[in-house]
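Student: Using the hints provided, position chain B relative to the given structure of chain A.
Chains as they are written, first to last, in our numbering: chain A, 5 to 116; chain B, 13 to 129.
What the hints contain is simulated information worked out from the structure, not anything from laboratory work. A portion of the hints provided could be inaccurate.
Said to hold, decoys possible - Each computed DSS-like pair below joins lysine-lysine, with the alpha-carbon atoms no more than 30 Å apart:
hint : chain 1 : residue 1 : chain 2 : residue 2
1    : A       : Lys64     : B       : Lys56
2    : A       : Lys60     : B       : Lys53
3    : A       : Lys115    : B       : Lys53
4    : B       : Lys63     : A       : Lys56
5    : A       : Lys98     : A       : Lys111
6    : A       : Lys72     : A       : Lys111
7    : A       : Lys81     : A       : Lys60
8    : A       : Lys98     : B       : Lys56
9    : A       : Lys64     : A       : Lys115
10   : B       : Lys90     : A       : Lys98
11   : B       : Lys53     : B       : Lys90
12   : A       : Lys60     : A       : Lys98
13   : A       : Lys81     : B       : Lys56
14   : A       : Lys115    : A       : Lys98
15   : B       : Lys53     : A       : Lys111
16   : B       : Lys53     : A       : Lys81
17   : A       : Lys98     : B       : Lys27
18   : B       : Lys53     : A       : Lys72
19   : B       : Lys56     : A       : Lys60
20   : B       : Lys90     : B       : Lys27
21   : A       : Lys72     : A       : Lys60
22   : A       : Lys56     : B       : Lys53
23   : B       : Lys90     : B       : Lys56
24   : A       : Lys81     : A       : Lys56
25   : A       : Lys98     : A       : Lys81
What the hints assert, rightly or not - Here are a few chain A residues that face chain B, going by a calculated C-beta distance under 10 Å:
hint : residue
26   : Gln10
27   : Gln42
28   : Leu50
29   : Phe93
Stated by the list, open to error - Okay, the calculated beta carbon distance ranges per label pair:
hint : chain 1 : residue 1 : chain 2 : residue 2 : range
30   : A       : Tyr34     : B       : Leu96     : 35 to 41 Å
31   : A       : Glu80     : B       : Gln29     : 44 to 50 Å
32   : A       : Asp58     : B       : Gln29     : 48 to 54 Å
33   : A       : Thr9      : B       : Glu64     : 34 to 40 Å
34   : B       : Pro108    : A       : Tyr43     : 20 to 26 Å
35   : B       : Phe19     : A       : Leu50     : 18 to 24 Å
36   : A       : Gln85     : B       : Gln92     : 40 to 46 Å
37   : A       : Asp58     : B       : Phe19     : 41 to 47 Å
38   : B       : Thr30     : A       : Glu20     : 27 to 33 Å
Don't be surprised by glycine CBs; every beta carbon is placed ideally from N, CA and C.
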Amino acid sequence: GNSVTQMEGPVTLSEEAFLTINCTYTATGYPSLFWYVQYPGEGLQLLLKATKADDKGSNKGFEATYRKETTSFHLEKGSVQVSDSAVYFCALRKYNFNKFYFGSGTKLNVKP
Amino acid sequence: EAGVTQFPSHSVIEKGQTVTLRCDPISGHDNLYWYRRVMGKEIKFLLHFVKESKQDESGMPNNRFLAERTGGTYSTLKVQPAELEDSGVYFCASRPSGGAKSTDTQYFGPGTRLTVL
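One chain only, chain A, in its complex shape (with noise of 0.2 Å):
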C-alpha cells in the first residue's frame, strides 16, 4: 500500500540551527512528494513539492530531493528562525489517484 513515515517530534532547536525532518515513502509507481506545513492557528499550506526521481523542492529556505532509490524525501533548512516553529507533514499523491497519504507531521519549535 502507500504510506509516508515521517520522524516523531518534537523537534527543538535553536534559532539559525540547521533542520534536517525525515520523511520516507512506500509507493507503486511514480508518486508526486509533497511537505505541508501548518502554523499555530492556521490551515495547510503547501511548502514545496517535487514530481519526479531527482527533483529538487524548494521555498522559503527549505529544501527537499526526491530520492526514488533511498524512497525518501528529507526536509532541509540551513538556519531556522523562530517563525519556522509549527507543525511539518510530508505527504504523497499517486499521479491519477487523487488523495493524499500524509504521514503524522512533526512539530518544531525553535527557540530563540
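Tutor: Frame of chain A, contents of chain B only:
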C-alpha cells in the same frame, strides 16, 4: 482570491449528538476533498467530490458519516450520531480540474476541530 474556508472552527458536542461541518472551496474548484487528523496521528483521506459527484469515498470510516455537495459548490460533512473516536481535526481541500501533474496542488482550509465528550 479567497481561500478554502471551513465552519465552524471548533465544535464541542456530546456523544450521540449530530454535528455538521461545512466547507467552502475556492471558487471554480471542481474537486473537493475531506480529510481528518485524529489524536495527533497522520492526516487521513475521507472522500473526494468532483463537482456534486462522489469520486472516491473509500476513506469514510462508517455510515455515521455523510458528505454532500449539492450544486457542486460548498460541501457538508455530517456525523450522526457522534462517537468519542470521531474527535479530531477535519480538513477540507480543493483543486481545480485539469492541469499538469506539476501544477495540481490541493489547497487546504484551516480545519474544524471536533471534540466529542
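Student: Each hint should be assessed against the structure and marked as holding or not.
Tutor: A quick look at each hint next to the structure:
{"no.": "1", "hint": "A/Lys64 <-> B/Lys56", "result": "holds (27 Å)"}
{"no.": "2", "hint": "A/Lys60 <-> B/Lys53", "result": "holds (27 Å)"}
{"no.": "3", "hint": "A/Lys115 <-> B/Lys53", "result": "holds (25 Å)"}
{"no.": "4", "hint": "B/Lys63 <-> A/Lys56", "result": "holds (29 Å)"}
{"no.": "5", "hint": "A/Lys98 <-> A/Lys111", "result": "holds (25 Å)"}
{"no.": "6", "hint": "A/Lys72 <-> A/Lys111", "result": "holds (25 Å)"}
{"no.": "7", "hint": "A/Lys81 <-> A/Lys60", "result": "holds (13 Å)"}
{"no.": "8", "hint": "A/Lys98 <-> B/Lys56", "result": "holds (15 Å)"}
{"no.": "9", "hint": "A/Lys64 <-> A/Lys115", "result": "holds (19 Å)"}
{"no.": "10", "hint": "B/Lys90 <-> A/Lys98", "result": "holds (28 Å)"}
{"no.": "11", "hint": "B/Lys53 <-> B/Lys90", "result": "holds (22 Å)"}
{"no.": "12", "hint": "A/Lys60 <-> A/Lys98", "result": "holds (18 Å)"}
{"no.": "13", "hint": "A/Lys81 <-> B/Lys56", "result": "holds (27 Å)"}
{"no.": "14", "hint": "A/Lys115 <-> A/Lys98", "result": "violated (36 Å)"}
{"no.": "15", "hint": "B/Lys53 <-> A/Lys111", "result": "holds (12 Å)"}
{"no.": "16", "hint": "B/Lys53 <-> A/Lys81", "result": "holds (24 Å)"}
{"no.": "17", "hint": "A/Lys98 <-> B/Lys27", "result": "violated (36 Å)"}
{"no.": "18", "hint": "B/Lys53 <-> A/Lys72", "result": "holds (25 Å)"}
{"no.": "19", "hint": "B/Lys56 <-> A/Lys60", "result": "holds (26 Å)"}
{"no.": "20", "hint": "B/Lys90 <-> B/Lys27", "result": "holds (14 Å)"}
{"no.": "21", "hint": "A/Lys72 <-> A/Lys60", "result": "holds (12 Å)"}
{"no.": "22", "hint": "A/Lys56 <-> B/Lys53", "result": "holds (27 Å)"}
{"no.": "23", "hint": "B/Lys90 <-> B/Lys56", "result": "holds (17 Å)"}
{"no.": "24", "hint": "A/Lys81 <-> A/Lys56", "result": "holds (21 Å)"}
{"no.": "25", "hint": "A/Lys98 <-> A/Lys81", "result": "holds (26 Å)"}
{"no.": "26", "hint": "Gln10", "result": "holds (9 Å)"}
{"no.": "27", "hint": "Gln42", "result": "holds (8 Å)"}
{"no.": "28", "hint": "Leu50", "result": "holds (6 Å)"}
{"no.": "29", "hint": "Phe93", "result": "holds (6 Å)"}
{"no.": "30", "hint": "A/Tyr34 <-> B/Leu96: 35 to 41 Å", "result": "holds (40 Å)"}
{"no.": "31", "hint": "A/Glu80 <-> B/Gln29: 44 to 50 Å", "result": "holds (45 Å)"}
{"no.": "32", "hint": "A/Asp58 <-> B/Gln29: 48 to 54 Å", "result": "holds (51 Å)"}
{"no.": "33", "hint": "A/Thr9 <-> B/Glu64: 34 to 40 Å", "result": "holds (36 Å)"}
{"no.": "34", "hint": "B/Pro108 <-> A/Tyr43: 20 to 26 Å", "result": "holds (25 Å)"}
{"no.": "35", "hint": "B/Phe19 <-> A/Leu50: 18 to 24 Å", "result": "holds (22 Å)"}
{"no.": "36", "hint": "A/Gln85 <-> B/Gln92: 40 to 46 Å", "result": "holds (44 Å)"}
{"no.": "37", "hint": "A/Asp58 <-> B/Phe19: 41 to 47 Å", "result": "holds (42 Å)"}
{"no.": "38", "hint": "B/Thr30 <-> A/Glu20: 27 to 33 Å", "result": "violated (50 Å)"}
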